[in-house]
Structure formats: structure tokens, C-alpha cells
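Q: Per our numbering, residue 1 is the first one in the sequence shown, and the count goes up by one each step.
The set of hints was computed from the structure by calculation and includes no laboratory data.
Nothing false has been slipped in among the hints.
Subject to a maximum C-alpha distance of 20 angstroms in a straight line, what follows is the list of computed SDA-like cross-link-like pairs (lysine to any residue):
no., residue 1, residue 2
1, Lys6, Ala66
2, Lys6, Val67
3, Lys6, Glu51
4, Lys60, Thr32
5, Lys15, Thr29
6, Lys6, Ile45
7, Lys6, Thr32
8, Lys60, Ser10
9, Lys15, Lys60
10, Lys60, Gly24
11, Lys15, Ile55
12, Lys6, Phe26
13, Lys15, Asp30
14, Lys60, Asn16
15, Lys60, Cys31
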Amino acid sequence: MIGIFKTNISTLQDKNRVVSAIAGHFSTTDCTLDLEDCDKVLRVISQQLEEQHVISFVHKLGYQCAVLD
1 MIGIFKTNIS TLQDKNRVVS AIAGHFSTTD CTLDLEDCDK VLRVISQQLE EQHVISFVHK
61 LGYQCAVLD
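Using the sequences provided together with the hints, build the complete structure.
A: In C-alpha cells:
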């Protein structure tokens, strides 16, 4: 799965927190977040992960997250 998500993560501290949490909680090949993009794009690459799991996890961390259309 290559998941591309729109988020409301806006600070470097929040970015580092979310990316580290995802990498520590899930088996991912790559996880990045682009703060310069207007949609604050989170990209997660994983062989086993489903998009809904990422969305739920990011929501539990206190941020908005939705599949980017």
C-alpha cells in the first residue's frame, strides 16, 4: 500500500511526533510528511498496512487525517 493522506499537521515537532509514532507502531517501508504542501501530505508505504488503520492512528494522536483524492 502507498497511502497518501491530507492532514492538519503544521509544525516540525508535530511532524516528527507523528512520523516516529507511525514508524514505531506499524511495519512501514517509508513514512514522510510534507509540511510545505498546502494539504500537509502524509505518505506511508507498507506491504501490510491499510489506509483506515493509518487514519485511525493519526486521529488517536489528535490530528486530522483523510485519504487525499
